[in-house]
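Chain by chain, the residues run as shown.
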Amino acid sequence: MTTRLFGEPIARREDPRLVAGDGRFLDDLGAGALAAAFVRSPHAHARIVDVDVGGALDVDGLVAVYTYEDLDGRVAEPLPLLIPHPSLHAPRTAHPLANGVVRHVGEPVAMVVASDRYVAEDACDRVLVTYEPLPPVVGIDAALRAEHAVHDDVRDNVAAHMVQEVGDTRAAIAAAPHRLELELQIERSASMPLEGKGVYARWDAADRSLRVYSSTQTSTSVRMALAAKLGVPVDRVEVVAPDVGGGFGVKIVHPWPEEVLVPWAAIRLGREVKWVEDRREHFVSSAHERGQQHKVRVGFDDDGRLLGLEVEFLHDNGAYTPYGIIVPIITSTQLLGPYKPGAYRVEFRSLYTNTVIVTPYRGAGRPQGVFAMERTMDAIAERLGRDRAEVREVNFIRPDEMPYDHGLIFQDGRPLIYDSGDYPASLAKLKKLVGWEEFAAEREQARAEGRRVGIGLACYVEGTGVGPYEGAHVRVETNGKVVVATGLTTQGQGHETVFAQVAASELGVPVEDVAVVTGDTRRFKYAVGTFASRAAVMSGNAVALAARKVRAKALRIAGEALEVDPADLEVVDGVVRVRGVPDAEIPLATVAVLANPLRYAFDEQAKQATQFAVGGGAEVPPVADDDEPGLEATDYYSPVRSTFANGVHAAVVETDPDTAEVKILRYCVVHDCGRLINPRIVEGQIHGGVAQGVGGALYERIVYDEHGQLLNASFMDFLMPYASEVPTVETDHLETPSPLNPLGIKGAGEAGVIPGAAVFAAAISDAEGLWIDRMPISPSELWELRRQKTPEGDA
Amino acid sequence: MSEDLHQTRLLVNGVQHTVRVPARRLLADCLRHDLGLTGTHVGCEHGVCGACTVLVDGLPMRSCLLFAVSVDGAEITTTEGCRSADGGLGPVQRAFMECHGLQCGFCTPGFVTTVTAFIRDHPDPTEAEAREAIGGNLCRCTGYQNIVASVLRAAELVGEEGSGEPQGGAPVGREGSGA
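Protein sequence lines correspond, in order, to chains H and X.
Under this note's numbering, the final residue of the first sequence carries the number 1263; numbering is consecutive throughout.
Under this note's numbering, the final residue of the second sequence carries the number 182; numbering is consecutive throughout.
Don't take each hint at face value.
Below, simulated SDA-like cross-link-like pairs (lysine to any residue); rule was C-alpha separation at most 25 angstroms, straight line [stated by the list, open to error]:
{"id": "1", "chain 1": "H", "residue 1": "K1257", "chain 2": "H", "residue 2": "G1237"}
{"id": "2", "chain 1": "H", "residue 1": "K1131", "chain 2": "X", "residue 2": "A152"}
{"id": "3", "chain 1": "H", "residue 1": "K1131", "chain 2": "X", "residue 2": "T129"}
Keep in mind that the hints were calculated from the coordinates and are not lab data.
I would like the entire structure built from these sequences, with the hints used as guidance.
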């Protein structure tokens, strides 16, 4: 056995069960449970005239059919507005089942419960819903025109309006020697985890307790929401996130309609009920993101230094706003990246449309903001005839300016203050990695051969590890094994491994002896959830703090047992020993036994711990006033503000002169997320993020027609990249520790996807010599841009 | 309106099962819900993602596009059957672990079966061939780079250890119970 420490690229603890088919995902649970299925609206906007469930009643195996009229108590109320904000002046949320009006295709209208899913879907087909179609509002332009309203009482379709400004931006731009105006647009996409959502509920009528399994990014908050909605005392509700097949943001939203209705039906029926989302349902009834239109006005000096930056953008939030306006707030603040903008003014409107709701998808507003900012940098470089990297460099916040206060309010309601980062060093590493200086010659060489190649780069800063807190419980068992529990959830990030590494490092035990549980409210009840690249920062530090408490207690008890000063003790490979004294040692397992004075000896080991065996003497209580039994501790980490990771990406692409197909020749990443707990896992996060960046730049888009019908609600038509589309990613790291947390770490989960659209737009622009202002871009769109540039057509 | 049931025999990971299923029962659902072999996952239900890939008489097929009755009598291998003869993880499974070829693990069973068949037929693939081999399976987490590495590593392991052939957990011919 070896003690594997923080920072080592160890193999993942969760892998053996996952490769062997022994994982337990939501639909792997609940054999024999009743199956729920939903009747969903085929219309983007319609009044429900009648719901006739009569035909469904003939289906053999049907157990129940529910419509809005059947809902009771708080289940009949609208779903919660999770993140209210003063600028969100017209928030609207859906009912679990549509109450009179449907506002997007896919909105649930009726729930069927039956013996199995096949039968439930048969019954759904026999529920006849009569609709009176209403005019749909589709797309940002239609929402803004407001000829029709998504919600009767929000006539202008504006859910939110927010302005932040530092300095007198318009005056600064007006006085600048150079000015540019740009319009930049990103289309809708979606998280699209390979496992959809799912809920499985068990009501124990005798115990009056509810256990719910959900494929969620936040089990603790689902628990609170369900207790409130269902009127079950919170202590009688447990929520477990089992193995979860990817999240990427969409599973942070809660409670989903199904997440309320399935447990509600389980209680009513006194039966186990399960619902597993199918792929089409996921497309039309989960969440999308990314759709935004931006106008940028910028003033700059001869070196390309920003003097004033004004950004106005429109955000399509879909039919409802359960998750508030987190995405546009992030765009509006994180757009600034590593740069000092001079004066800065940002204004956005968040608009209702008759489409699926918009909530964070990995990157969460940053890909759009980075696209706007980085295209602006490219445009400035082009205007001035300067090197694109050089223009970025002159605008960087320098390391000696850290911490850097932008004077804005970030998405966590706290000041936007960067804690650390060395942006010039990141850029220098990237330029070296990709061969930036040498590329001009390569491009010329390729052109001489009739090939079109181009390079692009993009920088970003990502606020990670947002609060308010996470906690952890660490316990040393009497067999020496360590059990760690934290409340936030896991969707593939390797938390079982990295939190074990943190605990093992802090405690001085072999990592093999540490077992980690996440996302199970039976084990840890206070948590926020996994999103915003926060898990490693938040729970990683909480685990470290709790482990330090346990270690201190272990040293105290061991010191008493060995009759030495605890300061002279160390823990190595699970044994507490006196430094420099070979045989003076006591295993942690024994310390754990000693930590819990027992009345009853139930086995040999317990005999050592009975009150007759241990204790400090007749006048000392077996458990001191300031002590607790057991070698265990709970602690919480709550940061004053977010910590800011950063990176620079570059891509080299080749475009086909005939077909306009884009081939990625190289993709380089320099990434700084502070200290790395497990470099292999961080690399994996970057690879996966880049793949989503490739998808978002070149392939993936959610396409609605003017009627609000989603035209590509399948994997045949929503083009997620296969291995054939994703390049090998070349990476390099900086490790600029965060001064904000004990471990010096920053988040890494979202980074890979953030600059994708910006970097590919730049590289394609460079290859083609034409300007790209909207992403994603398909070969036919690139071909069309070529045609517009040379109307006679070299394309 | 009850459905007709059809007796169907499936030899799954070396174990003979007889199930009585409706004609429309998908092979994926039959494996998962009738036989309790939940290692095979369903990601799209329209044959694009490849998570449900199993070997049917040795060939990778999408179990979400097959009816259980249509493979009556076939020999099926799922990721549960890609273990080593001694019951430990098989070479392909170990390669995915070693190379960090999975994150959430939902798509992984479909890769393991696909790669098992590929290496049987292409014991010494190039990197380009390895990438091509997994070109029909979607993964949303890894960006494929480490999966390509896993394919190459799996080929090495199979070469060293002599057999990548799927092994059943029990002797052929044992009757399993169906739904």
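Results of checking the hints against the structure:
1. H:K1257 to H:G1237: Cα-Cα ~10 angstroms, so holds.
2. H:K1131 to X:A152: The given pair, whose Cα atoms are some 21 angstroms apart, holds under the 25 angstroms limit.
3. H:K1131 to X:T129: holds (21 angstroms)
Checked against the numbered hints listed earlier, the structure breaks none of them; every hint is satisfied.
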